[in-house]
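Read top to bottom, the protein sequences are chains A and B. Quick note on our numbering: the first sequence kicks off at 1 and runs consecutively. Quick note on our numbering: the second sequence kicks off at 1 and runs consecutively.
Honestly, I wouldn't trust all of these hints.
[To be verified] Calculated cross-link-like contacts (lysine to aspartate or glutamate; reagent style DMTMM-like; alpha-carbon spacing at most 25 angstroms):
hint, chain 1, residue 1, chain 2, residue 2
1, A, Lys138, A, Asp108
2, A, Lys138, A, Glu158
3, A, Lys138, A, Glu118
4, A, Lys138, A, Asp70
5, A, Lys138, B, Asp78
6, A, Lys138, B, Glu77
Hints in this document: simulated from the structure, not taken from any laboratory.
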Amino acid sequence: MTTSDLRLTASNLACVRGGRIVFEGLSFSVTAGAALVLTGPNGSGKSSLLRQIAGLLDIASGTLALDGGDPELTLAEQAHYLGHLDALKPAMTVVETLRFWAAWLGGDAAANAPAALESMGLAPLADLPVGYLSAGQKRRLALARFVATPRPIWLLDEPTVALDAASIERLGAVMRAHLAGGGIIVGATHLDLGLAGAQTLRLGAEAAA
Amino acid sequence: MTRAFFALIGRDLRLAARIGGGGGMAVFFFLVVVAVVPLGIGPDLNLLARIAPGMLWVALLLSSLLTLDRLFQADYEDGSLDLLAMGRLPLELVAAAKATGHFLTTGLPLVVAAPLPGLMLNLEVSAFPALMLAMLAGAPALSFLGIIGAGLTVGIRRGGLLASLLVLPFYIPVLIFGVAAARAALFGFPDGVAGQSLTLLCAVALASLVLGPVAAAAALRANLR
Chain A
1 MTTSDLRLTA SNLACVRGGR IVFEGLSFSV TAGAALVLTG PNGSGKSSLL RQIAGLLDIA
61 SGTLALDGGD PELTLAEQAH YLGHLDALKP AMTVVETLRF WAAWLGGDAA ANAPAALESM
121 GLAPLADLPV GYLSAGQKRR LALARFVATP RPIWLLDEPT VALDAASIER LGAVMRAHLA
181 GGGIIVGATH LDLGLAGAQT LRLGAEAAA
Chain B
1 MTRAFFALIG RDLRLAARIG GGGGMAVFFF LVVVAVVPLG IGPDLNLLAR IAPGMLWVAL
61 LLSSLLTLDR LFQADYEDGS LDLLAMGRLP LELVAAAKAT GHFLTTGLPL VVAAPLPGLM
121 LNLEVSAFPA LMLAMLAGAP ALSFLGIIGA GLTVGIRRGG LLASLLVLPF YIPVLIFGVA
181 AARAALFGFP DGVAGQSLTL LCAVALASLV LGPVAAAAAL RANLR
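With the rest of the complex left out, here is chain B (with noise of 0.2 angstroms):
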């Protein structure tokens, strides 16, 4: 089971390691999304700083939304996910890897590649340590949340966009948690408040652990069949 478990997580890792559809794309994205924000808002040092947080929050979340479509499509699309659901792994911990498998390949990318769009909406080099590891606890959530919307959108061809409409409202606790978490490092709140929206955002990002891969796999059941 752990075996089968592992192998594919790995097998996603290989695919996008040498396809390089699914990190790399996203980094850039990220990236891109950042760049064109002081671009449409002004050179207001000032203000960029203010609003960083909650702009690399959402670049994260666009970037990671960017990825979900093809999650569970691609093997759809081959015959790969029939074969898939008739392993001795439930569809539960299939959902579970691919989630995993998303994470290690876009979330973790975008939290390590972070500080760079950080430094160009002139974050404070201070804050960097609280920002990452916010996203580092919010990253495997919105992973997570997100097979929901893949597995459900499986079998429409284009159905990215369907799938963001609907992820999106399970985002919102993540973003504003993680928003929460790094303004409060950022600005000084009192003692606690940062604290307080960490400890939040790890609630979210464990309790998606649990309900997404479950949310996946009654989606992909009434997909396949």
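So here's chain A without its partners, still in its complex pose (with noise of 0.2 angstroms):
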């Protein structure tokens, strides 16, 4: 990645859902190699953030912005995101589900498949319908997907659910690899990510006082 002046910065930026207030006033800023890590009770409004980032949500006010992107492309197009769901079709086997979010995301995908399945530990399981699989290697393969193509932002909402001592230390491995490479990782989680120096930005403070 070149862009290594990328910054993602918000705002004041707010969030309405439901016609009530999840936050408001918030402001950040997340320079190229960097990671901020959303911590915070239930219903504070990490997923709705992340989910912001990845223009999934409207902006209620304030703003959001990444500088030195691409500029052809939305913060959006340049984000990979993980929500709750890991968007996946029982009947595709592992290697076809890669193969198309990687071609649907814009990356080379007959070219990445095999080593983004090697570094979740997955490629014994490339032939195998994702249907057999447990929650944990579907998690696994979701996040082979940011490994397939490259993409700078990273938005990962509680992406250790389900998954194992060694996959939280290959998901430990792939993010370092990917914040050296000048990439952004905005991370929603009640665990440690294993990311040292990472910011902290706590959500909801006042309404769990």
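Could you use the hints to bring the two separately framed chains together as a complex?
As structure tokens, this is what we get:
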């Protein structure tokens, strides 16, 4: 990635869902090679913030901007998003799934798929239909598409759900490699993601008080 | 861009072939609907032949509606739609790709299967080419108009019935011109009537090719956010 002066900035961001203000006046800035960990109680808006960055939720007020990225592409088109759902079809095999998402998200599917499967320890399962995978294996397959397609911003909503210790270790390695390559990670989690020196943003402090 | 478009169509075709819930079921439903008509109307062969084009078109319409509701809903429920929205292809083209997939897995098999129920309704064999041509022109319109209803009801559980209610008014022009083209060819209407109907049917289909994806994408955007 050549965009070393990448910077994701939010200023005075607000989120309204169902008439209720989830958060407002939120500002942060993340630069290339840095990670932002969102913490906070349930319902404090961690997932909503990630969906706003991914362009999947309207921004009530404030701005969200990416400087130094590809000017031809929107913020959402430069971001990877892992939500609570894994976006997998039971009838497709592991490698077909990965090839499709890589093609869809703008990567070189055929070239990157083997390495992506390897990085998540899924190579032996490549030809198995997704319907036979365990919850943790499905999560790993969803994460493998991050590796298969280079996009500078990674948005991770509870990425460690259903993952075993070895897989969390693999995820940590993949995330560190992404940051070392000048990427940005914004993750919501209740667990330690194993990223040294990550900034932490605590949401919903006033709601919890 | 083109690669992503065809990748999505390819995925939908593959899923339809493996799960079997799409085209196969629609063809079977098509046959069943047409098969019960003689039972309800009685064995009057002349009457059956006269209503055959209309019945086949109504059956085609119903079979197309039957397969619409899961078009976006399946992707919405497993989170795929979020990622489809994050690709470099605009949602309009996502909708167009889904509609193309729907036509290839549902509309096209129905058109190909049409002669069999046609025979069951005592339709003249000489009318088959005209009927199939009209169906081939009209079936894409059914898919591309159908995605509007599918997009509007994407977040609603059991939204299939609502989608049918929303889409059916848009299907009326397709039905009118489709039946007119087939009947004109069958009953020897004055020269040019069959051609005119077919031309109008193609016009409806072409308009839906453009308007359907735009409307469906707007509906999806409203539902996603």
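Hints and how they fare:
| no. | hint | result |
| --- | --- | --- |
| 1 | Lys138(A) <-> Asp108(A) | holds, 21 angstroms |
| 2 | Lys138(A) <-> Glu158(A) | holds, 14 angstroms |
| 3 | Lys138(A) <-> Glu118(A) | holds, 14 angstroms |
| 4 | Lys138(A) <-> Asp70(A) | violated, 31 angstroms |
| 5 | Lys138(A) <-> Asp78(B) | holds, 12 angstroms |
| 6 | Lys138(A) <-> Glu77(B) | holds, 16 angstroms |
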